[in-house]
Amino acid sequence: MANIDQLSAARIAAGVATGEFSATEVAKASLDAIEVRDEKVQAFLQVSSDLALAAAAETDRRRAAGEKLGPLAGVPVAFKDNMHLVGTRTTCASKMLENYESTFTATCVQRMLDAGATPMGKANMDEFAFGSSTESSAFHRTNNPWDTERVPGGSSGGSAAAVAAGEVTISLGSDTGGSIRQPASLCGVVGMKPTYGAVSRYGVVAFGSSLDQVGPFGRSVEDVALAMNALTAAGRDPYDSTSQPCAVDFLEHLEDSVEGMRVGVVPALMEAAGLTAEVRTAVEGAAKALENAGAELVEVDLPNIKSAIAAYYVIAPCEAFSNLARFDGVRYGYQEEGCLSLAEQTSKSRAHGFGEEAKRRQMLGAYLLSSGVYDKYYYPAQQVRTLITQDYKRAYEQCDVILMPASPRTAFKFGEMSDPTQMYASDMFTISNNIAGNGGISVPLGLGAESHLPVSVQLQGPAFSDRKLLRFARAVEKSFSARGAVAPEFAGKGGEL
Amino acid sequence: MALSREDVQGIADYARIALTDEELDEMTAYMNEAVDLLEPIRQYDLDGVDPTFHPIGDLSNVMGEDIIDDSVRALPIDVALKNAGSTRDRYFRVPSILGTDEDEGGIA
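Chain order of the listed sequences is A and B.
The C-terminal position of the first sequence is numbered 497 in the working numbering, with every residue numbered one higher than the one before it.
The C-terminal position of the second sequence is numbered 108 in the working numbering, with every residue numbered one higher than the one before it.
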């Protein structure tokens with residue numbers, strides 16, 4: 001009747017609820033699309049066929065028994081491989097956790113399952129989420145569905161690519177400095193980093209605990225809003241002490257006009273070095289579209305954002321070093337054999353289990369937290385974080401949301417960013433939002449005039465204004481009629497329902 | 001103030017990451033480049049600015065009843081041990097924690 005890649009999450013859930021098709025048929029269509037398309041895309045590290053078919057069968061049983069179905073009934077979903085799901089390995093794309101079997105299920109994953117979603121598998125990522133291209137995965141690269149010679153972005157590159165190739169309808173990623181919004185931008189899908197605390201981090205392998213946030217990818221703003229409902233509807237997670245109650249209906253007001261509302265534009269960011277002309281033009285087009293929809297554009301200033309990358313590369317490596325100290329090769333993870341002392345075993349397990357970038361970040365964090373250095377970098381970086389947060393607070397007195405690019409450029413080629421610190425600049429527009437803890441969303445704007453690859457706009461909002469953010473995102477989507485398209489090379493290949 | 005190869009070796013020892021000679025050279029170059037990237041942090045006059053260690057400023061402790069919910073949170077021993085590289089009976093197994101004569105050993 002249709003290809004799975006043409007159906008929205010709401011359409012699938014409705015079709016399953018009315019009996020137009022079964023959850024099992026949907027799961028099989030998604031598995032077929034993965035089978036045909038993922039050989040080339042390589043978005044998945046594991047495809048959980050058994051779990052998917054069992055979950056779908058349970059959804060079908062519930063329907064047959066007249067039980068209530070969830071809002072994501074039968075919707076095929078992929079999870080970034082730093083999220084625990086019993087019955088799968090959770091590898092973080094690292095040799096360190098190559099054989100790690102999940103011993104419990106992350107709250108974000110469980111809530112998607114509770115809403116009826118079908119778990120299709122675990123998506124590739126940069127090792128421990130350190131990167132912006134998914135090239136640091138210890139297992140294999142993931143190819144951008146729009147041009148398989150190019151990266152999908154990162155660190156949630158597999159999650160973005162699986163949705164862009166139409167293999168699944170929704171995926172979850174995590175965003176510590178841009179790891180949802182940047183790959184969403186490069187793969188032409190919607191990707192949302194909710195406000196810090198909106199979604200539980202319990203069961204998600206920690207990178208930077210004061211920065212990490214889980215969020216959804218989808219091919220439409222509506223699908224992302226549906227996923228946000230599933231992730232937050234049960235309220236605060238008692239297992240994550242930083243999770244906050246924010247259960248609102250994210251679908252409510254989604255279609256409301258933005259007339260009379262104010263959109264902030266930061267002139268300095270639109271002139272930033274490294275921002276390509278085609279992305280800038282597209283972002284200006286999105287601003288114009290919101291203006292045509294009745295919103296007012298206002299200039300705002302975020303003077304300290306220029307130091308955001310520096311602050312981030314103090315705070316994030318320090319938190320990463322602390323979090324990754326648990327990988328000692330004793331309780332889980334790669335264990336070096338034949339060592340005579342625990343110290344030798346720990347040092348060699350960590351040396352041979354972690355990849356290059358994971359070692360670099362931990363070394364940087366170890367240095368910055370050492371005596372004497374802490375006062376020069378770590379403490380001042382947290383003070384600069386205050387200044388950045390205050391900049392945003394002042395700006396949001398003048399506007400409802402701020403509009404800017406998500407990624408300074410479209411997808412780059414494998415190996416093109418060979419210098420680690422050059423790669424760090426990929427997150428120049430996303431990172432400050434993690435520092436302040438606010439929400440942000442990347443919305444596709446079609447293809448760039450020069451590269452003919454996906455370009456996007458990012459909308460950022462004050463903390464816990466995620467519903468308003470979705471409303472603006474929907475307004476952009478409407479005026480571009482750019483419901484995230486499936487990459488043409490893969491659209492319609494396998495996946496017939 | 002550039003970081004020397006010896007400085008970086010000291011950090012690697014502290015971080016418990018055994019680096020080869022070649023890796024140590026690369027890491028030294030990286031560390032110096034990365035620290036240069038952080039320079040903007042040092043250009044500020046931050047007198048009187050409070051640090052923000054966490055984005056949720058008014059966090060309060062999450063209190064709960066002191067009840068162990070085995071069904072949800074406690075891992076059965078076999079599950080807790082199944083990902084370990086080496087176990088014996090109900091325990092994780094490790095090499096000597098005091099080390100041998102040749103190294104400093106032990107847990108620092």
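To be clear, the hints were calculated from the coordinates, so they are not data collected in a lab.
A portion of the hints provided could be inaccurate.
Unchecked claim - A partial selection of chain B residues facing chain A, derived with a Cβ cut-off under 8 Å:
1) Q9
2) I11
3) A12
4) A18
5) L24
6) A29
7) Y30
8) L38
9) P40
10) I67
11) A74
12) D78
13) R88
14) R90
15) P95
To be verified - Computed, partial: chain A to chain B, Cβ under 7 Å:
16) R63
17) S307
18) C339
19) S341
20) A366
21) S371
22) Y374
23) Y377
24) A381
Backbone N, C-alpha and C fix where the C-beta goes; we use that ideal spot for every residue, glycine too.
Hints, one by one, checked against the model:
With a least beta-carbon distance of about 11 Å to chain A, the hint placing Q9 of chain B at the interface is violated under the 8 Å criterion. Taken as an interface hint, I11 of chain B checks out: its beta carbon lies about 5 Å from the nearest beta carbon of chain A, inside 8 Å. Satisfaction of the interface hint for A12 of chain B is found here, the shortest Cβ-Cβ separation to chain A being roughly 7 Å, below the 8 Å cut-off. Hint on A18 of chain B holds. Least Cβ distance to chain A is approximately 4 Å, under the 8 Å limit.
Of the supplied interface hints, the one on L24 of chain B is violated, with its beta-carbon coming no nearer than about 10 Å to a beta-carbon of chain A, more than 8 Å. With 8 Å as the threshold, the beta carbon of A29 of chain B stays out of range of chain A, its nearest partner Cβ sitting at about 10 Å, so the hint is violated. The criterion of a C-beta within 8 Å of any C-beta in chain A is met by Y30 of chain B, whose closest approach is roughly 5 Å, and the hint holds. Nearest Cβ of chain A to the Cβ of L38 of chain B: about 5 Å, under the 8 Å cut. The hint holds.
Because the beta carbon of P40 of chain B sits about 4 Å from the nearest beta carbon in chain A, less than 8 Å, this interface hint is met. Below 8 Å, beta-carbon pairs count as interface contacts, and I67 of chain B has none with chain A, the closest being about 12 Å; its hint is therefore violated. Interface restraint check for A74 of chain B: the shortest CB-CB distance to chain A comes to about 10 Å, outside 8 Å, so the restraint is violated. Hint status for D78 of chain B relative to chain A: violated, with the closest Cβ pair at about 10 Å, above 8 Å.
Look at R88 of chain B: its Cβ only gets to about 13 Å from chain A, farther than 8 Å, so that hint breaks. For R90 of chain B, the suggested interface contact is broken, since its CB lies about 13 Å from the closest CB of chain A, more than 8 Å. Nearest Cβ of chain A to the Cβ of P95 of chain B: about 5 Å, under the 8 Å cut. The hint holds. The restraint placing R63 of chain A at the interface with chain B is violated, with a minimum CB-CB distance near 28 Å, outside the 7 Å limit.
A distance limit of 7 Å between C-beta atoms decides the matter here; for S307 of chain A the minimum to chain B is near 4 Å, and the interface restraint holds. Using the Cβ-Cβ criterion of 7 Å, the hint placing C339 of chain A at the interface with chain B is satisfied: the shortest such distance is roughly 5 Å. Hint on S341 of chain A holds. Least Cβ distance to chain B is approximately 4 Å, under the 7 Å limit. Because the smallest distance between the Cβ of A366 of chain A and any Cβ of chain B comes to about 4 Å, under 7 Å, the interface hint for this residue holds.
The beta carbon of S371 of chain A is not positioned within 7 Å of any beta carbon in chain B (closest approach about 11 Å), and the interface hint is therefore violated. Checking Y374 of chain A against chain B: minimum C-beta separation of about 12 Å lies over 7 Å; hint violated. A hinted interface residue such as Y377 of chain A counts as satisfied when its beta carbon comes closer than 7 Å to some beta carbon of chain B; here the least separation is about 6 Å, so the hint holds. For A381 of chain A, the interface hint holds, since its Cβ comes within 7 Å of a Cβ in chain B; the closest pair sits about 5 Å apart.
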